[in-house]
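Asks: As a plain string of letters, each chain reads:
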Amino acid sequence: MANEVVDHGRRRFLTATTAVVGGVGVVAAAVPFIKSWEPSERAKAAGAPVMADISKVESGQMVSYPWRGLPVFVVNRTKDQLAMLPTLAPRLTDPDSTVSSQQPDYIKGADRSIKPEWLVVVGICTHLGCVPEFKPVIGPEPFDPNWKGGFFCPCHKSRYDLSGRVFAGVPAPKNLQVPPYHFVDDTHIQIGVDPKGAG
Amino acid sequence: MANVFNRMGDWVTDRAPGFLPFYRKHMTEYYAPKNFNLWYYFGVLALVVLINQIVTGIFLTMNYNDSAAGAFASVEYIMRDVEWGWLIRYMHSTGASLFFVVVFLHMFRGLLYGSYHKPRELVWLLGMLVFLVLMAEAFMGYVLPWGNMSFWGAKVIISLFGTIPVIGSTLVEWIMGDYLPADATLNRFFALHVIALPLVLLLLVVLHIFALHEVGSNNPDGIEIKKGPKGNRWDALKPADGIPFHPYYTVHDLVGVGFLLLVGAFIIFFAPTFGGWFLEHDNFIAANNLVTPAQIKPVWYFTPFYAIVRMIPSMFGTAVWGVLAMFGAIAVLFLLPWFDAGKVRSIRYRGTGYKVALALFVISFLGLAMIGTDLTDEIFPKIFGAKIDITLWDNVFGRLMTAIYFGYFVFLWFYTHLGWEKTKPVPERVTTHD
Numbered sequence: 001m002a003n004e005v006v007d008h009g010r011r012r013f014l015t016a017t018t019a020v021v022g023g024v025g026v027v028a029a030a031v032p033f034i035k036s037w038e039p040s041e042r043a044k045a046a047g048a049p050v051m052a053d054i055s056k057v058e059s060g061q062m063v064s065y066p067w068r069g070l071p072v073f074v075v076n077r078t079k080d081q082l083a084m085l086p087t088l089a090p091r092l093t094d095p096d097s098t099v100s101s102q103q104p105d106y107i108k109g110a111d112r113s114i115k116p117e118w119l120v121v122v123g124i125c126t127h128l129g130c131v132p133e134f135k136p137v138i139g140p141e142p143f144d145p146n147w148k149g150g151f152f153c154p155c156h157k158s159r160y161d162l163s164g165r166v167f168a169g170v171p172a173p174k175n176l177q178v179p180p181y182h183f184v185d186d187t188h189i190q191i192g193v194d195p196k197g198a199g
Numbered sequence: 001m002a003n004v005f006n007r008m009g010d011w012v013t014d015r016a017p018g019f020l021p022f023y024r025k026h027m028t029e030y031y032a033p034k035n036f037n038l039w040y041y042f043g044v045l046a047l048v049v050l051i052n053q054i055v056t057g058i059f060l061t062m063n064y065n066d067s068a069a070g071a072f073a074s075v076e077y078i079m080r081d082v083e084w085g086w087l088i089r090y091m092h093s094t095g096a097s098l099f100f101v102v103v104f105l106h107m108f109r110g111l112l113y114g115s116y117h118k119p120r121e122l123v124w125l126l127g128m129l130v131f132l133v134l135m136a137e138a139f140m141g142y143v144l145p146w147g148n149m150s151f152w153g154a155k156v157i158i159s160l161f162g163t164i165p166v167i168g169s170t171l172v173e174w175i176m177g178d179y180l181p182a183d184a185t186l187n188r189f190f191a192l193h194v195i196a197l198p199l200v201l202l203l204l205v206v207l208h209i210f211a212l213h214e215v216g217s218n219n220p221d222g223i224e225i226k227k228g229p230k231g232n233r234w235d236a237l238k239p240a241d242g243i244p245f246h247p248y249y250t251v252h253d254l255v256g257v258g259f260l261l262l263v264g265a266f267i268i269f270f271a272p273t274f275g276g277w278f279l280e281h282d283n284f285i286a287a288n289n290l291v292t293p294a295q296i297k298p299v300w301y302f303t304p305f306y307a308i309v310r311m312i313p314s315m316f317g318t319a320v321w322g323v324l325a326m327f328g329a330i331a332v333l334f335l336l337p338w339f340d341a342g343k344v345r346s347i348r349y350r351g352t353g354y355k356v357a358l359a360l361f362v363i364s365f366l367g368l369a370m371i372g373t374d375l376t377d378e379i380f381p382k383i384f385g386a387k388i389d390i391t392l393w394d395n396v397f398g399r400l401m402t403a404i405y406f407g408y409f410v411f412l413w414f415y416t417h418l419g420w421e422k423t424k425p426v427p428e429r430v431t432t433h434d
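For the protein sequence lines, the chains are A and B, in the order given. Per our numbering, numbering through the first sequence is continuous, rising by one, with the last residue being 199. Per our numbering, numbering through the second sequence is continuous, rising by one, with the last residue being 434.
Warning: the hint list may mix true and false statements.
Claimed, not checked - What follows is a set of in silico ranges between Cβ atoms, one per label pair, in the way DEER data are often shown: (1) B/389 with A/99: 14 to 24 Å; (2) B/271 with A/156: 24 to 34 Å; (3) A/99 with B/392: 10 to 20 Å; (4) B/335 with A/34: 43 to 53 Å; (5) A/156 with B/118: 52 to 62 Å.
Read the hints as simulated data drawn from the structure, not as lab findings. Note that the Cβ used here is the ideal one computed from N, Cα and C, for glycine as well.
Excised from the complex, chain A in its bound form (with noise of 0.2 Å):
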């Protein structure tokens, strides 16, 4: 103690070291921390992927999916269906699917789907969250004398043509949501997840 030269430098390098050493320490054992509040194994469990087999679906059918708590809508398109599609335009809000949230990159067109006779649609009306009613023969119906096909809401009569477009007047705003989802083979869509190389 009794050499009282003080070697800055020296303690310039132990101060920054020490600071160094201590803050990659801290970074570090913010990890967990931050790491704790993504979605448990639990609720990624309640949210994980769904494997639709539609080999069973026929022709003009709809079969419903849960897919984290929402019911997810599949239709087996028939070609009548699908040849409405265009001519609906005029009637629709947004009949090219501009508003980005309502359905994933790849989804484009009148048919809103990867394959054109296979519709995946969130059931969940725009409006106000009820469940829409699939009504697929084209023809008169009380709600509409001009019906080609579609969704109706019985909550407040929003309707939907078969690709989930929503009609211009009713209270609904967007089109129904269409989910992330990629066909693993010709009989199987994996909901939630979406094609490799998408998204």
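Position chain B relative to chain A; hints supplied.
Replies: Using the frame of chain A, we list chain B on its own:
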């Protein structure tokens, strides 16, 4: 008896000699300008509301259940079955709104009298941090009753972060801890609302007051009393225009506190929901992830900022601009001391341009609040007829108000940095000195 207290005081002073000087520095020997007016009540009122929130909050946690399945029922239990539970809950919910009333007025006082000017920038910055934490605290508190507006409000506000390109959706899942607001979200918001943020808030409030006591309080004349003549009744070296905070301002503030309690009690007893403004009607329905309320709008104190989000359209394929503008609206307030290089502080001696600009700024803030609360949807058809396109008028009006809000800061920079402001002479001493 007095002897006993004296001896106890001596006992403490012997062991902790710093306590008494600390008390004197912040209370009996803190010399505040003698010309405070009504605007100077709101700081202490904010402190009173903070204490109310902490005390009532502690008692609410004793019966509240922070699970998605039990939260709504536990709040109803507090309201119906817990002895005086309704009073404690209404004190807390009314306190939340009154907190923002007094904080907005407290901040406006700062604008009126230039309380953010040098050397009080740090006081202003710490105060703005308090405001920021208060907004987070209020938002998370609003989610806890797990009513339908809690749920959808949480969903919409958290979704704001989803507009950030690339990381947005991951960030939203990280904040919620699930794919929609759920148990995990409610649990963490409860933890943040009752532990983390109150601790931060208290620390910031203490720093805000310490920073203030270092530089001393501003006043309606915007004069530095420390630079004025010295010598008052209590101390020959202290400012002539200062009076001891205790007992003069403590007693003075009691009047304001009494008035606040009167207003608070009136609301709690006669209009606890305040017509749906303090507690929204949709929040008396339990959270339901399948049914959206007809109108999702935030509580009134967030509406000016929330309206800005709605006014900025999506551009270049992303909706992030509205969110950036909303956070920008708060960020520019932080930077106010550097936008304003005015030579005088108080509006009493500032140029006409400043007065007009401040009036327009207040109008823009209130105008944005009207849009955010959907009041314009009712007012516009009455003024312009029922056939008008409300969305169009909302956008025109709202964008004008947004432009004025930000324009205030731009104008202030040019007005003061380029020397356009013509000020009036500032008096030597506060105008009410004897």
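Asks: Between residue 99 of chain A and residue 392 of chain B, does the C-beta distance stay in 10 to 20 Å?
Replies: Since the Cβ atoms of residue 99 of chain A and residue 392 of chain B sit about 19 Å apart, the hinted range of 10 to 20 Å holds.
Asks: With 14 to 24 Å as the target window, see if residue 389 of chain B and residue 99 of chain A comply at their CB atoms.
Replies: Given a distance of about 19 Å, which is inside 14 to 24 Å, the answer is holds.
Asks: A range of 24 to 34 Å was offered for this pair. Does it hold for the Cβ distance of residue 271 of chain B and residue 156 of chain A?
Replies: Between residue 271 of chain B and residue 156 of chain A, where Cβ atoms are some 32 Å apart, the hint holds.
Asks: In this structure, is the beta-carbon distance linking residue 156 of chain A and residue 118 of chain B contained in 52 to 62 Å?
Replies: Because 58 Å falls inside the window, the suggested range holds.
Asks: Confirm or reject the claim that residue 335 of chain B and residue 34 of chain A have a C-beta distance inside 43 to 53 Å.
Replies: With Cβ atoms ~29 Å apart, the hint is violated.
Violated hints amount to a single one, hint 4; each of the other numbered hints is respected by the structure.
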